[in-house]
Every structure is written in structure tokens, then in C-alpha cells.
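A.B. asks: This is what each chain is made of:
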Amino acid sequence: MAEAAGSSWHPLGCRRAPSSSHRKTKIMFRIHSLLLLTLVAGLSATSPVSLANPDTAAPTSVEPSPDYPKITLPPPAPKSPAIKDSKSTADHGKFKELQRDFQSGPEVTQACLECHTEAARQVHQSKHWQWEYLNPQTGQLLGKKYIINNFCTSIASNQAFCTACHVGYGWKDDSFDFANQENVDCLVCHESTGTYRKLPGMAGHPPYKDVEFPPQSGRIVKGVNLQAVAQSVGKSSRRNCGACHFYGGGGDAVKHGDLDSTLTNPGRYLDVHMDKDGLNFSCGECHLTTGHEVPGSRYAPTAKDVDDKAHMRGKDDKNPATCQACHANDPHRQNARLNHHAEKIACQTCHIPEFARGQPTKMQWDWSTAGKLDQDGKPFIVKDSAGHPAYDSKKGDFRYESNVIPTYVWFNGTVHYTLRDTHLDPTQVVQINRFDGSPDDGQSKIWPIKVFRGKQPYDKATQQLLIPHTFGTEGDGAAFWKVFDWNKALEAGMRATDRHFSGEFGFVSTEMAWPITHMVAPKEDALRCDQCHAPAEGVGRLDQVPGIYMPGRSANPWLDRAGWILALLTLLGVLAHGAVRMVAARKGARQ
Amino acid sequence: MSQRIYVFKRFERFWHWSQALLIISLLVTGFEVHGSYRLLGFEKAVSWHTTLAWSLVGLWVFAIFWHVTTGEWRQYIPTLSKVDAMIRYYAFGIFTGAPHPFKVTRLRKHNPLQRLAYLGVFLLISPLIWVSGWLYLFNSQWTAWGLNAYLSLQWVAFFHTLGAFLMLTFLIAHVYLITAGHTLGAHLKAMITGWEEGEA
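Protein chains in written order, with my numbering: chain A, 59 to 649; chain B, 2 to 201.
If we strip away everything but chain A, and leave its shape as in the complex, we get (with noise of 0.2 Å):
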């Protein structure tokens, strides 16, 4: 696997073609009538099948890296939210308490709180703030803090760039005082106005001026007009959330593959749910919010709820983001088979048949490569024919890929992390996390996961993760970003967690799990029987899946072969039996 994974690296971003295809061979029948009544068997056939990835765009421009950290912003200033919330009882342009210049998002947040009086101190509890979350499952502590993953990899030592998505203002190093009401940031989850933008490296802040972003760009970003953006809040939108979520891991559909920017306003293709036109959902739909808690969450999912049924959601103590909260878990009226499928398989491994159905999501991200310089001495972006990046010198190679077929594992809920100080075997395949579940424990569903690759830096002589510093502002001498030196960002990511670099570093290959739950299909998408059963293709959806017993992919091969060679041997005795009769008989005709 670890081989696997290395191979498929090009410098330039784009993969070898596999090599490999699947040959099955299948028994083909013909029938031969005879009055109506006569059966022949065996003929076998091979049909060779390519399991070729769809391929992506080999590199065709190159461009000079500006010299801030290539990021993708949400489209500006747009117009119309997707979802006005129009019953609400309260217009906050009339309030009093709003008319007035704000000259930064914490004096906004007092104006808030005179009314809202505690939801600041709801705020203070929430995931969105403290960025951290104990598993009580595993006793891991989790959460943006603590976890590396295989993407921008660690907050720490980088948080004025990566506390541009906290809901919360100046989060810059661990000096933030997460205790200070006037420090929650209320507008990034409830204004409407679209123009309200945190910029990375702001620590949280929006531009409160023009600024040149990124800097030395050429690019003006507009300094925010508070007061408008203050009276325009309410209910959260799609955008206001996909602000940050869609964006996460970098850029616009880099992380999740069934969140990205096309849900803004998306049509019945893309989600069933929230289709523009349709039901029109918002993300708090499903994520039903009681006093800023959003319920959903990666870290703990539900994979199997513990009766599926429908329930009261936001009265019981139960998921409300499920599938079963509003479907229950036999909502198909016209085959009941497909309602018993459910108990095995979640709902998302049929209803969502791919993702990245919107634009296409990174794959793969190997840091190994980053640093390289152009003649000038000076970073650079390649791009690919679609026009994302295949290598930034500031990061490595990467590859995108759309219309992405997961894959399929047994998932309880539980997850594993490999964290700061996990000790791991280098010559395998790290598993950032690690999805528990099996065919028999009776907790788990067979879930599609999106299935994230990547190699990055380890300590070699502790044999842990490490944490590279990567952002800095200027004149900061030791950010990758700006040094392009791994010991100095290595040391100084690791000095940020008051942990110790050996200074003997290597890439180690690693893989992340997603689980793929947003981006649900209208049901005339949702996978065929023959997807998984047997597939036309020769390769089933479900081929790797352990445990079950699929009819027309799991036949018993000694059964098989003795039946077809019994069935074979009496056709062939009868036919003998015949000839010798009608040799017989010419003779006793003659005779």
C-alpha cells in the first residue's frame, strides 16, 4: 500500500495511468429451442475490464506563485441570499442599537449582545469556538486544535491564517482570550449581505479597509461596510455557513468532496434537499440548531442510529441531522427489499453515487515536493487543464478529481485519530483516522467514505507526526512560506506545541477518511441494483466490502463448478446415449 501510494506521485502532479485490468470470466448460456424444450449449456466468454480512474489534466500553464499562500475566496459582494428569511418577526435595519459606524466586528458583537444577552456565553460552548471536542468513545481530544491531518495539516503556529474560518475575532497565537464575549465573531454565521469576508492571515478579522489581498496581488478586497452587514443578519444561509465550509482544506471544494460551492445554489441534481427550486433546504435543516449547538459532526457520526426511526427532532436527545430523523429507516413504499438493504447499508451509499458531483475536490496532497523554486529563485503554481494547481511550490503536488466513486467500508461511528503523539510505523500507510466497524457487531453501516491521500512530514528519530510552521507575515524567518526551509518551519510548527524536533525528518504516506453524507441525489440517480450486483462492468461497488453475501457476485466457486460440470456431464451422456442409438438404428435399417 505504502508502495502503491508513492508510486502514483508525479512531480508534476499527474498519475501514472494503472496499469492493471480486471479480467472476469463469466459462464455465458445459450439457448437452443427444440420444441419448445431443449437446453444446452456452456460457453464461456472473458470480457476485459478497465478500472482506469478517470483521468485528470495533465499540466498545461504555469504562473508565477504571488506571494501570499494561493487560497480560494468566496465569490464577492453577491446578491439576492440564497434563503431570505422573510417570516421573521424582527427587521434589524430598524433597530436602533445597529444605526451607527462599527469600526470593527467586536463592537458589532456588543451592539448584538445588548439584545442576545447570552449568545455569546451559548457561542463559548459550542465546537465552532473552542475548536477542540473530547470523544468520549475513545477519550481522544480532538478538534482543530489538537488533530494533524493530511491537508494544511496543524493550526498551531499558523492560527492568524487558519482562525480566518473561527467564529471568533484575534484568535492569533495562544495568547486569545476564549472567555471574551466581544471576541465572537455573530456576523460570518448570520449576516446576509454576501460582502462580509475574513480574510486568512486577519486572525479572524474581516478588512475593515481596502487591503491588497493577497498582498503584493494587485487584487483590492473592500473593507467591510459593518453597519449594512449588521443589519442585514439573520437565520444562517448556506452561504453564510458554506463561508466556511465549503472552503475548508484550503479552498473551494478541497476537503470534503460533498461540500463545496456549488451548494449555494444548487440544483435537484446536485441535492435533492436543497434545490433552489425545490425544497430550498438550508444547512440547519437537517443540523437543527438549539442555542448555537450544531448538531452533525465527523468526529463522532451517527453510522447507525440506535433504533432508526423518525423522532421529534430537537426534543429527543438524538441526532437531528440523520437521514432516519426525518426518513426513518424503511421509506422505500414500493420495495420492501430496498427498506431491508437499509439495515445493512446507509442511506448515503446508494443516494449519493458519487461525489464531487459539483466541481471536483482535491484527492491527493504530497508535501514532499514542496519548496522547489523557478530560476529566479522565486516559488511557482502548475496548473492543470481545468485550471486547478497540480504542484504550488508552497505545498506539493496535488490532484483533483470529479465525479469521485467513494469507497465503501463497515462504519460505526467510532473514529480513531493519529495524533501529535501517536507513534507510528513509517513503512505503512498512516491512517490519520481510522474508521471502526464491522459486518458483525451489529452498530455498523456500510458508508461511502472519501478516501484522502497525502505524504507528510514525520520526525524520523520519535517517529511522529511533526508540525510544520508554514504561515508567517513578513520578515518571518522561519514560515515554509517564506523561507522554504523545512527545519526551520519543522522546528518552529513543533517549538508553537512546546514539543521537540529532532531535526531528522522524512514524508510519510498517509490517508484520511471522509465520510460522504452531503450532496444527496434525486432517487432516479441513486445507484442501480446491478452497481453493486452483478455489474456489467465486472467490478461491483461492493467488491471489497467484507462480510456480506451478495447474490449475482458471491456464488460458492465449488458449487459452481461442480453443478455446471454435473449439469455438463449429463448433457453429454444423453447426447452420447442418442448418437450410439442412431448408429444402432442405421445399422438395423441396413441390416
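Read the hints as simulated data drawn from the structure, not as lab findings. Being a predicted model, the structure only gives us computed values, none of them experimental.
Here are the computed lysine to any residue pairs in the SDA-like style, where the Cα-Cα straight-line distance is at most 25 Å: (1) LYS83/B with VAL638/A; (2) LYS185/A with GLY354/A; (3) LYS202/A with GLN239/A; (4) LYS104/B with GLY646/A; (5) LYS202/A with THR347/A; (6) LYS645/A with TYR177/B.
Rough simulated footprint, nothing fancy, chain B against chain A, three-plus residues with beta-carbon under 8 Å: (7) 387-400; (8) 588-594; (9) 605-619; (10) 634-646.
Idealized CB from N, CA, C, for every residue including glycine.
On the provided structure of chain A, position chain B as indicated by the hints.
C.D. replies: Quick look at chain B alone, frame taken from chain A:
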């Protein structure tokens, strides 16, 4: 002196031919569901297989009723008398033009080997297919019926497939032995018209 005997009643012939059609179609769709080849596509094959199976159930309800009420079930009471003669005939006599050792009468329309073979189909192959098929069909009810702990789909499918192979084997032999009557076409003609040329 030859004599025509009305061996197969109208219902019997209807039963035989519709059952033949159903069994062949079930074999064709069943082996597709099994994954042996691709003809209709899995979903359609499953759907047809299920419909055909229920049709066969319906036909059997009538057939059993008919056999019980007419007493024709006695035609399948096994006997060993003349089995050796039949075997010798198929093994040797049939090649030398020896006379068929069995005389069809209205009360004995099947020769002793036929009796044994059909009884085997009714008592072994059919129950095997039926029981496993029903369990297969009602797989989703196992939990409700309390069967989940005792059954696995893998073994139910195994026995269902085993039954299918046995039925296929029977079918091949049966189709051939149609030609092994008093004359090449005698059996076939009897099952179509109902009349057999017997000897008085």
C-alpha cells in the same frame, strides 16, 4: 394389436407445459441473479424470477388439488418391479431395437424409472428449491420471524443454487428421454394430444 389410450388429461397437459415454461424461465432468470451471465440485467432478472416463482406456486396449488381429488397422485407411488428391466432397456435394448419393457395403461402411465425420477423431483429437488427460495424471498423478515440466528443468506443461497443445478440436470435428462418411448415421438405426442399408442 395396438390401442389408443387417453393418458394425459387436459389439465395435466396444461400443468406440464406451463410448468415446463416456468421452470425453464426460472432457471434462465435464476442463473442470471446468481451471476452466471447477463441477459435482462440484475434488477429485471430478480423481478421476473420472483413473479415466475409466485406463478409456479399458484400452478402447484391447482396441481396438488387436482392430484388429490382425482387420485392421480397414486401414479407416483414408487415401485421397484421392472426397474431392472427399464435400466437394461436404456443400457442395451434400446440400441438393438428390443421392445419397450413397459406397457402404458391408464392406471400406470409412468414407467418405474419415471415414477422414481418424478418422485425425486417432487420430494427432494422441489422442496429444496421451495424452502430455500421462500427463505431467500423473505430474507427481510428473518429478524421478525426469529430466524436470523439460525440462517445465513450464504447457506440459503447455496441450497437454492444446489436445487437449481439438480433441476437443470433433471431437465436435460428428461428432455432427452422424451425420445426414448416406444417410438421417437411417442412421449411428446402423448403430452401434446393426451393420447398414447399402447398395446392391448
